[in-house]
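Q: Fit chain B to the known structure of chain A by using the hints.
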Amino acid sequence: MSGWFGVLLAVALAAALTFLTLPVVAIFAQQPPGDLVSALGEEGALDALWLSLRTTAAAVLLILVVGTPAAYLLATRRFRGRAGLITLIELPLVLPPAVAGIALLAAVGPSTLLGRAARDAGVQLTLATAGVVVALTFVAAPFYLRQAIAAFEAVDATLLDASRTLGASPARTFARVAIPTALPGLVAGTALALGRALGEFGATLMFAGSFQGVTQTVPLAIYDRFATDFTAALALSAVLVAVSAAILLSVKLVRAPDAL
Amino acid sequence: MRRLLALVTVLAIAGCGDDATVSGGGDKPQIVVSAASSMKEALTACAPDFPDADVRLQFAGSDELAAQIRQGVPVDVFAAANTKLPDALAQEGKLGRPVTFATNQLVLAVPADGGEVDSLRALERPGVTLVVGAEGVPVGDYTRAVLARLGADRSNAMLANVRSNEPDVKGIVGKLTQGAADAGFVYASDVEAANGELRAIELPAELEPTATYGAGVVKAAKQPDAAEAFVDDLLAGGCHRALLAAGFGEP
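Protein chains in written order, with our numbering: chain A, 1 to 260; chain B, 1001 to 1251.
Think of the hints as simulated: they come from the structure by calculation, not from any bench.
Among these hints, one or two may not hold up.
Heads up, incomplete: computed chain B residues facing chain A, CB under 10 angstroms, no partners named [said to hold, decoys possible]:
| no. | residue |
| --- | --- |
| 1 | Asp-1063 |
| 2 | Glu-1064 |
| 3 | Ser-1164 |
From a predicted model like this one, the values you see are computed outputs, not experimental measurements.
Using N, Cα and C, we set each Cβ at its ideal position, and we do this for glycine too.
Next comes chain B alone, as it looks inside the complex:
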């Protein structure tokens, strides 16, 4: 019995100490960063070099991450693919003052080896299959806003060709690289990250395809200082450079 109790205790401690043991980074504090899926490649590359803390990254659609923070999931930094969600969380008192740290271009992505679609106009043809982000997901909202600037007729013709509303941008990329759809709206950085499997068709400037990314320190952060430092890193440090290298732009 005593041995059993000891085992249970050890397991419990191991369970609780999970956060500390997996990082294996010595005395550095650990921060959890919730970031939009589109930043996956860039942040995964720069996070190990962040000097002030061990960074644990979790990626999903920005709206899912915001919902988690509203539900009280303990994270330190929220980095979203828009400014709407960080601003809303700040207003609700869940996030410190948000900053804009990068931009990304919404583009029309098509399979690199040619296919049905070679221009924005081709999306209006019936029978073309299009994959977009779901409403509420930043990439989906940007897409709908951009299409709306084309006028109701053209945008309705394009939206009629939508075959899937994906919960995050990587879902769109996956459907395109698998050949499940002819085209999709993603960020320039996603095309960059797709190892040459996708080709980007740039959108005209009058459609305002620029997405602005916002981040802030979560009010319930366990490591507010390290979290603040990470937001600074997104603004000007190694992670900012990694974002630029991945195809993002200056805010």
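With the rest of the complex left out, here is chain A:
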């Protein structure tokens, strides 16, 4: 570690740290904290925060309810095409948001068969809050599924076997053994999905539009204010930074409680 190599490592770390933290610090440094707080008092900003909370909660709930059993199946069974299936599920993870928006429009947009069927059934997706939930679920679900599959895979198979030999049904084994054992991984996955859903921008704008209180989530509200009210944009950004930091910290705490 001595000599030039040590210096190189230290310089690299300093460069990475400066580059990654400076923009985040600047959000808080550009305006006095009082201005940021009063900018949040503006009605549209609170609407955006409330909408983001509701839609993110709905999306994460959907992801947990459907994703947990699906991940358990993929983690505990071995069958042909399993790897391909997992890759398909993970694909939205690496899709650019604009592609996600186009893909949703092409699949369930108003001019598609599915979109028309939904409208006839009284479910409005595009330009409606439900559309925001669909967009958030689509982009955030793979983050949870990936983590959940890994967490269930790491559960010792003999534990599950023991539970079953002792007479517990597969459902009971899943609920009472697999989930508690995999819980730290599931929580980490939930947090990642939560963070991704909160930050979603492109797919929401393309698929659901932007309307205060209906489809304008915090990232869309930031973009909307960027040109006309930079202070308000900074204030909302500061809230997202704080929430994201809290999510990240809680993940670290769940995973390694003594690490901090």
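A: Chain B only, in chain A's frame:
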């Protein structure tokens, strides 16, 4: 180590020289033009033929572009979908004297294959879905100004049907061509550019639906001479003709 350093140096130089290498245009200077989304088709068509410089175009809502210039993003020319933003930037000392170079008509756009809306009055019906530009975006401000001339009752009835406030005019066009909304207020040139997917319903002259476009050379321009030449081209050259061909009018 020496090899690593060399690699890093090469990458750094390549990074810095990015502007020069992608243009590939030899000795010509390069200018960056920030233009309103509504001019996308016209300027994309004429920019390669601009003789004095390689033109790099970036399109967004005029208000976003103005905000970028205020934040110091280095561009050479600002071409907006109104005169308000260039005038404001000029007053702040960020832009040279702005000129008006084209006009555009605000129209009511509807899907070409028929639908809910066949007249301006139909927008007052409850249940019709309307998409407009956000406040602060020129097309959104024009729309609100035009609707205000209808009187509070009619304009409030129409604004109650708005389902999305889009950050630029192309967002409105996208929502309409996807069938996500029944109608939207865009420019005549956008309907022209939509390949027959949209139909324009003209607005009565007493609503003053004409939008005037203004442009100027950014004070911090790296290539002020080429930028000036491009503004002249917008006024009278190839890009002016391209704008007229795309459905814009004379100022």
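Q: Run every hint past the structure and note whether it holds.
A: Quick rundown of the hints versus the structure:
| no. | hint | in the structure |
| --- | --- | --- |
| 1 | Asp-1063 | holds, 4 angstroms |
| 2 | Glu-1064 | holds, 5 angstroms |
| 3 | Ser-1164 | holds, 3 angstroms |
Checked against the numbered hints given earlier, this structure breaks none of them.
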